[in-house]
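In the order they appear, the protein sequences are chains L and Z. When you read off a place in the first sequence, starting at 1, and then add 50, the result is the number in the working numbering. When you read off a place in the second sequence, starting at 1, and then add 1481, the result is the number in the working numbering.
There's no promise every hint is true.
To be verified - Taking lysine to any residue pairs in the SDA-like style, the calculated list, with each CA pair at most 25 Å apart, reads: (1) K1595(Z) / Q261(L); (2) K58(L) / Q1547(Z); (3) K110(L) / D198(L); (4) K1574(Z) / G1609(Z); (5) K1595(Z) / D198(L).
As the list claims (entries may be wrong) - Over the 12 Å line for every Cβ pair with chain L, so calculated as not near, a few chain Z residues: (6) K1505; (7) Q1543; (8) H1562; (9) L1565; (10) R1568; (11) A1576; (12) D1599; (13) A1604; (14) T1622.
Simulated from the structure, these hints should not be mistaken for laboratory data. Positions of the beta carbon are idealized from the N, C-alpha and C atoms, including for glycine.
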Amino acid sequence: MARGEVGKVGVAIDTLGDMEALFDGIPLDKVSTSMTINAPAAILLAMYVQTADKQGVGCKKLKGTIQNDILKEYAARGTYIFPPAPSMRLITDIFAFCSQYIPSWNTISISGYHIREAGSTAVQELAFTLANGIAYVEAALQAGLKVDDFAPRLSFFFNAHLDFFEEIAKFRAARRLWAKIMKERFGAKSPKSLMLRFHTQTAGCTLTAQQPQNNVIRVTLQALSAVLGGTQSLHTNSMDEAFSLPSEDAVQIAVRTQQVIAYESGVANTADPLGGSFYVEHLTSEIEERAQTYIDQIDEMGGAAAAIEQGYVQKEIQESAYAYQKAVEAGEQILVGLNKFQDEEVPPRNLLRVDTAVMESQVAGLKQLKAKRDNVAVATAIKKLKKSARGNDNLMPPFMEAVKCYATLGEICDTLRDVFGEYTAVSTV
Amino acid sequence: MYLESILLCRRCKVPKKIRVLAAKPGLDGHDRGIKVICCALRDAGMEVIYTGLRQTPEQIVQAAIQEDVDVIGMSVLSGAHDYLFPRVMELLKGAGATDIIVIGGGIIPEEDIKSLRDVGIRAVFGPGTPTTDIVRFIKETVSR
């Protein structure tokens, strides 16, 4: 099924061998690593820990993030494997394991980004993300964890879209809402549990294939809104991403955009510089209120997982996406170069191409590895994992054991598929 | 008598609704575009069957034949179009179903479009395409 995609959607990590090669020469006690991984997040984290172990780096020194946000996969992004209940168990297993052994790890990045990219409004992005956050906290509490033990490691991930002030207000409303939820709903005591720390990526869906150089300006404005909104980290998209994976030159401009904002503009020198602005405060309150209405409604439906299983969240997002498309086609939402101020288009040059040899060498390497690893050890580890999956044990230790003897991600996921089954999406179209 | 035959002729000529299979081949989970297009085609009076995510080329061709569609519309944003689209065309040929019009869209560089058209993909719609263009293309091509 992955044919044609290997090496195009990120680096291929099939086994611990790939992870070791990826971090060869990179000391894992000196860097922070973010992995955009969800359904198999626990397994990738296990590989990372084992790679560090081989470098002689202990768990306590590891810093980084796994996205690990399965609810938004069902709702918006599509890379789920297992049904919600066992998926939530994998997530709480990670919370429990990390709070004990990898205290500096961000165990989840609760993501509105993909919800927005799938077409939601700003208010929906915020509401659905926080509703998912509530579901994770509830699952962790049900698994017996204490709120102040895991809540400080929760992190968030938002989108920076076109409407400059609306986005700033959205980030501010997110902090207000989350602090209130943690304090009032979950009785968190630690101030760190109340903090909503977030990463931002500029909105990929707003990049146009028409007059692609305009994307540099769009990205700049979006990045600025994220900084003024108080983001902890930032990803700026490259101008040519409406065509393909970005070229080296385009990526460099995207990085320089951040550097200009960070080092030249001075906008990062003050926390919440727009606090007190009548308009921004008004917008913040309005977004907070409207998001709260959604959260209340999702609560009434039985929480985020139930709302997703009923297809409610997906339908809401879809309807917004279609409304946005109609607004663009009617010229109500202006996109410069696309539906206004159009010009003759020149096809872009120097796009990045991923060689198909990448896939062939990956497949060959995997075959080789399977032939030379200790297959008896693999079979034993897989058997143990299956037993743990059927019971209630924390799955991180059996994952660790399986990846250590170079069981593949596919073998481990297939074992879990046998026990957990696979998720079938509800049809909402 | 004369009047009746006209009515009959007209009745025969009432075009059946255009049937479209909207498909997501491969592992790519980006489905905003295809879902928006599903809505737009339905609003334009077509019958649309959406496959959902993670379909193999085999599943897509099988569904297209079973559902007796006039058009297959595939969306790929992962860069795998250069394998998946030709593979679907190959299977359609093998099944003798080359009368089905196949179109595609997604993140597809201009320079790839020629080779996709060479294997029989009738049109490739990139980012920014108004849905009305796709509706028009399907209506014109099917009625020909």
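Exercise. For K1505(Z), which was marked as not at the interface, is the minimum beta-carbon distance to chain L over 12 Å?
Worked result: violated, 8 Å
Problem set entry | 25 Å limit on alpha-carbon distance, applied to hinted pair K1595(Z) and Q261(L) | holds, 22 Å
For this session: Below or equal to 25 Å on CA atoms is what counts here, so check K1595(Z) against D198(L).
Result: violated, 58 Å
For this session: Test the statement that D1599(Z) is away from the interface with chain L: the closest C-beta pair must be farther apart than 12 Å.
Result: Holds, because the least Cβ-Cβ distance between D1599(Z) and chain L comes to about 17 Å, which exceeds 12 Å.
Problem set entry | H1562(Z) remote from chain L - nearest C-beta pair above 12 Å | Contrary to the label, H1562(Z) does not stay out of reach of chain L, its closest Cβ about 8 Å off (not over 12 Å).
Problem set entry | Check on T1622(Z) being off the interface with chain L, judged by Cβ distance over 12 Å | At roughly 21 Å from the nearest Cβ of chain L, T1622(Z) sits farther out than 12 Å, so the non-interface label holds.
Exercise. Does A1604(Z) sit more than 12 Å from chain L, CB to CB?
Worked result: The claim holds: A1604(Z) sits with its nearest Cβ about 16 Å from chain L, beyond 12 Å.
For this session: Given the hint that K110(L) pairs with D198(L), test it: the Cα-Cα distance must not exceed 25 Å.
Result: Roughly 19 Å separates the two Cα atoms, so the pair holds.
Problem set entry | Holds or violated: K1574(Z) to G1609(Z), with C-alpha atoms at most 25 Å apart | violated, 31 Å
Exercise. Are all beta-carbon distances from L1565(Z) to chain L longer than 12 Å?
Worked result: Check fails; 6 Å does not lie beyond 12 Å.
Exercise. Is A1576(Z) truly not at the interface, in the sense that its beta carbon sits beyond 12 Å from all beta carbons of chain L?
Worked result: Label holds. Min Cβ-Cβ 20 Å, cutoff 12 Å.
For this session: Quickly compare the C-alpha distance for K58(L) and Q1547(Z) to 25 Å and report which way the hint goes.
Result: violated, 32 Å
Taken one by one, the earlier hints fail for this structure at numbers 2, 4, 5, 6, 8, 9, 10, listed in ascending order.
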